[in-house]
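Dock chain to chain to rebuild the complex, using the hints, since each chain is given by itself in its own frame.
Protein sequence lines correspond, in order, to chains A and B.
Heads up, the first sequence is in the working numbering, so the first residue is 8 and it goes up one at a time.
Heads up, the second sequence is in the working numbering, so the first residue is 310 and it goes up one at a time.
Worth flagging that the hints you see were computed from the coordinates, not collected in a lab.
Hints may contain errors.
Straight-line distance between alpha carbons at most 25 Å, and here's what the computed DSS-like set of lysine-lysine pairs gives [to be verified]:
(1) K10(A) - K375(B)
(2) K107(A) - K372(B)
(3) K366(B) - K146(A)
(4) K210(A) - K76(A)
(5) K325(B) - K119(A)
(6) K379(B) - K119(A)
(7) K119(A) - K375(B)
Here are the computed distance ranges between Cβ atoms for each label pair [as the list claims (entries may be wrong)]:
(8) D383(B) - R212(A): 46 to 52 Å
(9) S368(B) - D23(A): 44 to 50 Å
(10) R92(A) - L335(B): 15 to 21 Å
(11) E315(B) - P25(A): 45 to 51 Å
(12) Y148(A) - G351(B): 38 to 44 Å
(13) K76(A) - E315(B): 36 to 42 Å
(14) S349(B) - N228(A): 21 to 27 Å
(15) Q390(B) - Q96(A): 40 to 46 Å
Computed from the model, here is a short list of chain B residues facing chain A with C-beta under 7 Å [what the hints assert, rightly or not]:
(16) Q317
(17) C319
(18) G320
(19) Y321
(20) Y341
For every residue, glycine included, the Cβ atom is placed at its ideal position computed from N, Cα and C.
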Amino acid sequence: MLKNTIIGLDKILFDDIPKGSVILVTGAEGTLKSGLVFSMMANFLSANDEHGLYVTLEQNLESHLRNMKSLGIKEEPNLHIFDYRDMRQEWMDSELDLIKTTGEVIDSFKEKYGNLTLFALDSLNALYSISDPGDMRKKIYNFFTHLRDEELTSFLIMESAQSRMSGQFTQLHQVEHFLADGTIELGMIEGKGGVKRYIQILKMRATKHAMEKHQLTIGDNGPNILGPIY
Amino acid sequence: MSSLVEKQMCGYDLIKEIFSSCDVFLSQGTVYPVLYTLESEGLLHAEYSKGDMRSKKYSLTPKGRKIAEKEIEDFSKALEQVSVLLSR
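If we strip away everything but chain B, and leave its shape as in the complex, we get (with noise of 0.2 Å):
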């Protein structure tokens, strides 16, 4: 979810960016139903663009962009007190 704060995203888009930017490479069947669950919960609003009908554009909804705004929140503090804990 964090990476779609910033941009709107296709599943496509969402694993190359997830591959390039952690050199992990999400399978299809993992980010896909992921995408769709989140969108039927309302945290996800999704759209074909203009003139590209072949992709579907996911973006946060107000709701989901509070959420992955405090989950990203909730990690910064995380990774600051293990940081703390390692340099000990």
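If we strip away everything but chain A, and leave its shape as in the complex, we get (with noise of 0.2 Å):
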């Protein structure tokens, strides 16, 4: 389904990403979460007559749209973007309920596309941080199991520049990593011939893959991924 949408992504995974799996794609800023997610979905859609949903909190459409225009990566008109920008300016936060809304935006799209197959949320963090802590591990297991009653591969962006010490989580988010069926870090390394982007899949149950940390560029359609760095 997916490992032939990323030039090289078949380098890292040997089988496909079974459909409906969550996966969690965590890294520093700058190391091109929100670019390789919306390749993946864009390239994927563009051979396929299924829809796509990509949620942003934290960037507008029009913001989100000239960042991956800047990276090559082109826009797909079945790979639907919505924003969160009106809603947050027009209610007060203690109005909303992300997390539930995030469900219903869903359905929406699901509703107005049967074929909606693939989802993105970027980013779980921003989500976090306007949302009502109380509750919230079960808030979260409620919203994967949505996910995946609704057959969606899932893509969650977060942001965990600090989050990953000694090959341990921080507490903070061990619960998205348990429940996950997967995860795939972002980062840079620096090495002798400078400073370079690197992706790694951690896990994907039910799907073999490799564990070594692997370039991540950008070419001339988006991001490419090269050999193992060592």
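In structure tokens, the structure reads:
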């Protein structure tokens, strides 16, 4: 389904990601999280008669598309982008339950486009920062369940500059890592040739994958994956 | 859409209007995606009001107005028929 959407993705993903999987895409600022996810979705949808929904809480539609264009990623008509700018400007945060609202937004698009198969949320951190922290674990569990019930292959972007130390995730993000079917980590590493971006699959249930860090670059048409970084 | 026949409204205005006139609270997650979709289909036009960049006001395009008026007409006819049936 997705392993041929990015040049070189088959170097790290030997099988396809099962439909309906919930994948966390983590990494620090500037590691291409949004670009990688958007590119995978756009490329998949350009070759398949299906629909996708990309929900952004951090950027508005215009700014997100501008950023994607600067990475060489083309806009895809079947990839619908929903931003929360208007909603957040017109309503007080206390009047919005964004986890519940995101579920309703998915339902609306699913009803409109029956074959909605891909979903992305950019980002979980932004969702948390404006959500009532009470009973968050249960809300997140219900949200993941909703994504699976709808059989959406989902990418949840999570900025995690300080989250992984000594191979362990901080308690803050343990719930998501435990619940997710897969975790893709993006990062930067300094070597002899300077700073390089990398991609590493930390976990992918029911899918054979490489464990090594591979170099991630920007080509003419968006992100590309090169060989392993040693 | 029929609420937009008479005046421009933002998502917030629409939800409040529907609540006050029909006593039904449509959630934000239901209303805003519909507005976005109707805009992308060319049935609604959206603009930020001068001096109030906070609210994106929606109005019907000529194509949207035509559809809304037709829907209102069809609904009124259906309502008349139901009234006739109920009064028998």
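Each hint tested on the structure:
{"no.": "1", "hint": "K10(A) - K375(B)", "result": "violated (45 Å)"}
{"no.": "2", "hint": "K107(A) - K372(B)", "result": "violated (33 Å)"}
{"no.": "3", "hint": "K366(B) - K146(A)", "result": "violated (32 Å)"}
{"no.": "4", "hint": "K210(A) - K76(A)", "result": "violated (30 Å)"}
{"no.": "5", "hint": "K325(B) - K119(A)", "result": "holds (24 Å)"}
{"no.": "6", "hint": "K379(B) - K119(A)", "result": "holds (21 Å)"}
{"no.": "7", "hint": "K119(A) - K375(B)", "result": "holds (21 Å)"}
{"no.": "8", "hint": "D383(B) - R212(A): 46 to 52 Å", "result": "holds (50 Å)"}
{"no.": "9", "hint": "S368(B) - D23(A): 44 to 50 Å", "result": "holds (45 Å)"}
{"no.": "10", "hint": "R92(A) - L335(B): 15 to 21 Å", "result": "holds (20 Å)"}
{"no.": "11", "hint": "E315(B) - P25(A): 45 to 51 Å", "result": "holds (50 Å)"}
{"no.": "12", "hint": "Y148(A) - G351(B): 38 to 44 Å", "result": "holds (40 Å)"}
{"no.": "13", "hint": "K76(A) - E315(B): 36 to 42 Å", "result": "holds (38 Å)"}
{"no.": "14", "hint": "S349(B) - N228(A): 21 to 27 Å", "result": "holds (24 Å)"}
{"no.": "15", "hint": "Q390(B) - Q96(A): 40 to 46 Å", "result": "holds (43 Å)"}
{"no.": "16", "hint": "Q317", "result": "violated (14 Å)"}
{"no.": "17", "hint": "C319", "result": "holds (6 Å)"}
{"no.": "18", "hint": "G320", "result": "holds (6 Å)"}
{"no.": "19", "hint": "Y321", "result": "holds (4 Å)"}
{"no.": "20", "hint": "Y341", "result": "holds (5 Å)"}
The structure fails hints 1, 2, 3, 4, 16 (numbered hints given earlier, in ascending order).
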